[in-house]
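**Student:** Here the sequence shown stands for residues -26 to -1, 1 to 334, where the numbers follow mature numbering (1 follows the signal peptide of the UniProt record, and there is no 0).
Rather than coming from a laboratory, the hints here were simulated on the basis of the structure.
Using N, Cα and C, we set each Cβ at its ideal position, and we do this for glycine too.
Some hints here could point you the wrong way.
Keeping only pairs whose Cα atoms sit at most 30 Å apart, straight-line, the calculated DSBU-like set for lysine-lysine is [claimed, not checked]:
id, residue 1, residue 2
1, Lys185, Lys298
2, Lys185, Lys257
3, Lys274, Lys298
4, Lys274, Lys153
5, Lys185, Lys153
If you anchor each label on the Cβ, the simulated ranges turn out as follows [claimed, not checked]:
id, residue 1, residue 2, range
6, Arg203, Met278, 39 to 45 Å
7, Gln301, Gly124, 41 to 47 Å
8, Pro285, Gln31, 41 to 47 Å
9, Gly252, Trp134, 36 to 42 Å
10, Gly124, Ile179, 45 to 51 Å
11, Gly124, Pro23, 23 to 29 Å
12, Glu182, Glu287, 36 to 42 Å
13, Thr198, Glu123, 25 to 31 Å
14, Lys257, Arg294, 47 to 53 Å
15, Ala178, Asn322, 23 to 29 Å
16, Lys257, Ala178, 28 to 34 Å
17, Arg38, Trp293, 47 to 53 Å
18, Gln301, Glu270, 27 to 33 Å
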Amino acid sequence: MVFKFCPLSILAFIAVLSNHLTHGHGQPETEDEIKHYLDSQRSIYHCYPEILHQVEQRKLDFLRASSAGQLPSWVDQSIPSKLETLQFGSPSSSESDLHSDHPPSLESTPSRLICSQNHSHSSPKFDQIRNSTCVLSPVVRAGPYYHREGHPIRQTLSEWQEGLPLSLNIGVIDVETCKPVQGALVDLWHANATGFYSGHPNRAIGFEQEKPQVGGTRAGLLHTFPRTRFEEQWLRGAWPTDKHGVARFNTIFPGYYTGRATHIHAEVHMDWETTSNGTFRSKDVQYIGQFFFDDEINMKVDRMWPYWQNPVEHRTRNWRDSLKVFQESRSGGFHPVLDIMKIGTVINQGLIGFITERRA
């Protein structure tokens, strides 16, 4: 089956710093670890020229293909039958070396992720580059709807879910060497157009008539919807980065639910292996973060079908995001909001977004 996507594409970088900033699991927990984590993010600007060059080239390649009516092949693909063989740190690998039935067994590399955004508003020349940074970090929680096992290794996440097509182009970069990282498994999951996660269709027993919480850090939230449909995995999936440090996905623009701003969850695994059922097993999560969208874009998508069918009448804006997730993502002056622009003259013709993500 071939899916034709009108692209809303996120060009992103998640950068990896290969040293021990916290104890083995890679997630800062204490105040000192978090401070060290945030301080380390500010030390990675030496990679800016390399990151800028890579991002601008990817922007131009995508725009040239789009304007010519020839979208990149990854936009059209469904679930490939083979994973790429990805040798960590081998940028000279030939194309013939990048295809195998199984991904490699990678050595565990304790790392941190930091993100920084490079974009302009003068596409396609990109002659005025604005540099900002965003923290999609271990400080930001994974949330209650993550499935610790069962996420399929695939690039097309939407299955039969309907919504505005969204293409994600996510890169991983080592901020010590400023080089792309091969073989990092990028794992994504998010809500559908009306704000539901796969496997979690209904409220918990006894909470059917619950009202959203008023005030406090949990303002707007309900109790977690329990997982009752274990076979569902739509809008979930993971894919390893290629020799350019890039993992590509096709999905839909996420919907919102009460208490939370529109977002996409992401994890990065450096020590992982495939299983016989097409999923993966990870020994260590090196990165946990969330992507956000500008509220102006969110409000426009809200008026599109099927998003206007969302049972939650009033969305939560980014600045009111519960649990302070959006605020935490912005700590230290970083910026977790994806930069979006239209492919054509109206939003329905597709959108393209650019962001560079790194980690410390």
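**Student:** Would you mind marking each hint as holding or not holding in the structure?
**Tutor:** The hints, checked one at a time:
no.	hint	in the structure
1	Lys185 with Lys298	holds (20 Å)
2	Lys185 with Lys257	violated (38 Å)
3	Lys274 with Lys298	holds (24 Å)
4	Lys274 with Lys153	violated (37 Å)
5	Lys185 with Lys153	violated (49 Å)
6	Arg203 with Met278: 39 to 45 Å	violated (26 Å)
7	Gln301 with Gly124: 41 to 47 Å	violated (31 Å)
8	Pro285 with Gln31: 41 to 47 Å	holds (43 Å)
9	Gly252 with Trp134: 36 to 42 Å	violated (18 Å)
10	Gly124 with Ile179: 45 to 51 Å	violated (23 Å)
11	Gly124 with Pro23: 23 to 29 Å	violated (40 Å)
12	Glu182 with Glu287: 36 to 42 Å	violated (19 Å)
13	Thr198 with Glu123: 25 to 31 Å	violated (18 Å)
14	Lys257 with Arg294: 47 to 53 Å	violated (37 Å)
15	Ala178 with Asn322: 23 to 29 Å	violated (37 Å)
16	Lys257 with Ala178: 28 to 34 Å	holds (32 Å)
17	Arg38 with Trp293: 47 to 53 Å	violated (36 Å)
18	Gln301 with Glu270: 27 to 33 Å	violated (19 Å)
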